[in-house]
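Undergrad: Take these sequences, add in the hints, and give me the full structure.
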Amino acid sequence: MCRHLAYLGPEEPLGRLLVDPAHSLYRQSWAPRRQRHGTVNADGFGVGWYAQGDPVPGRYRRTGPIWGDQSFADLARVVRSGALLAAVRDATLAGADGEAAAAPFTAGTWLFSHNGAIAGWPRSLAPLAGTLPAAELLSMEARCDSALVWALVLNRLRGGDEEGQALADTVLDVAAAAPGSRLNLLLTNGEVIAATAWGDTLWYLTEPGRRTVVASEPYDDDPHWQEVPDRTLLAASRTDVLLTPLKDIDAPVASMASMANASAPGASVPGTPASSTSVPSASVPSKEPRT
Numbered sequence: 001m002c003r004h005l006a007y008l009g010p011e012e013p014l015g016r017l018l019v020d021p022a023h024s025l026y027r028q029s030w031a032p033r034r035q036r037h038g039t040v041n042a043d044g045f046g047v048g049w050y051a052q053g054d055p056v057p058g059r060y061r062r063t064g065p066i067w068g069d070q071s072f073a074d075l076a077r078v079v080r081s082g083a084l085l086a087a088v089r090d091a092t093l094a095g096a097d098g099e100a101a102a103a104p105f106t107a108g109t110w111l112f113s114h115n116g117a118i119a120g121w122p123r124s125l126a127p128l129a130g131t132l133p134a135a136e137l138l139s140m141e142a143r144c145d146s147a148l149v150w151a152l153v154l155n156r157l158r159g160g161d162e163e164g165q166a167l168a169d170t171v172l173d174v175a176a177a178a179p180g181s182r183l184n185l186l187l188t189n190g191e192v193i194a195a196t197a198w199g200d201t202l203w204y205l206t207e208p209g210r211r212t213v214v215a216s217e218p219y220d221d222d223p224h225w226q227e228v229p230d231r232t233l234l235a236a237s238r239t240d241v242l243l244t245p246l247k248d249i250d251a252p253v254a255s256m257a258s259m260a261n262a263s264a265p266g267a268s269v270p271g272t273p274a275s276s277t278s279v280p281s282a283s284v285p286s287k288e289p290r291t
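Residue numbers (full-length UniProt numbering): 1 to 291.
Do not rely on the hints blindly, as some may be mistaken.
Computed beta-carbon distance windows for the label pairs [said to hold, decoys possible]:
| # | residue 1 | residue 2 | range |
| --- | --- | --- | --- |
| 1 | P127 | Q70 | 23 to 33 Å |
| 2 | E99 | G53 | 22 to 32 Å |
| 3 | P179 | N155 | 21 to 31 Å |
| 4 | P122 | P10 | 35 to 45 Å |
Since the hints were made in silico from the structure, they are not lab data. Note that beta-carbon positions come from the ideal geometry of N, C-alpha and C, so glycine has one too.
TA: Encoded structure:
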């Protein structure tokens, strides 16, 4: 129950992506257009971004609504980045853990957000929590459902899974343990984006070879925004977007490292399942985001 957004492209002021557009993430905190659950996202917000030459992202989070933070308005005006992940939060349980529960969560080079809720929380995920090493459970930033989902994803990443595979397997495990959960996950390492649509909206806008935006909903009325079907894994770089139905995942998903190294829009990606769809790059003309 939030709205989130990830961006890869040329360096832009954070505000140009998060504040200035007519239906920006900033506005979505009180007036989302396509949110299926909840109406106001005022239980905290956060943004993580990457500086040139540094693979470890910076992060700014607060417990209150994004519109009430004047420091963020100044930050967003002057800080520039070519990769970011941001979210505004509607808490599953009011007041749970404050700032520590606000996305993005982070570890190493990764930034992560969860838009949704776990059915039957917390009992429903007790068996999955028991599969994590005790040290990882004790290191969780917060006690909310999103923090545990992140711990499950992170355990897979540290075990060597590619970003897309880690999200896909986590979603399927959690959905089996807690049917009816909403599991729109968003992950980036500053070079690639992985995301799932499972129970809420997800869209993307791409200018192949230059920029890709993945978001809960469009931040403007550009007709080139594309909706991701429910129960789908999205894997994206600056050059390509791949969509894979989660129900069809029976083999390793596309290598995110291969996507990041792809030299041309629409390039094939080794290890992509036959069910994956590579979005045609020629379908989206070059254009700047509207503000």
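Undergrad: Starting from the hint list further up, note which numbers the structure goes against and sort them upward.
TA: 1
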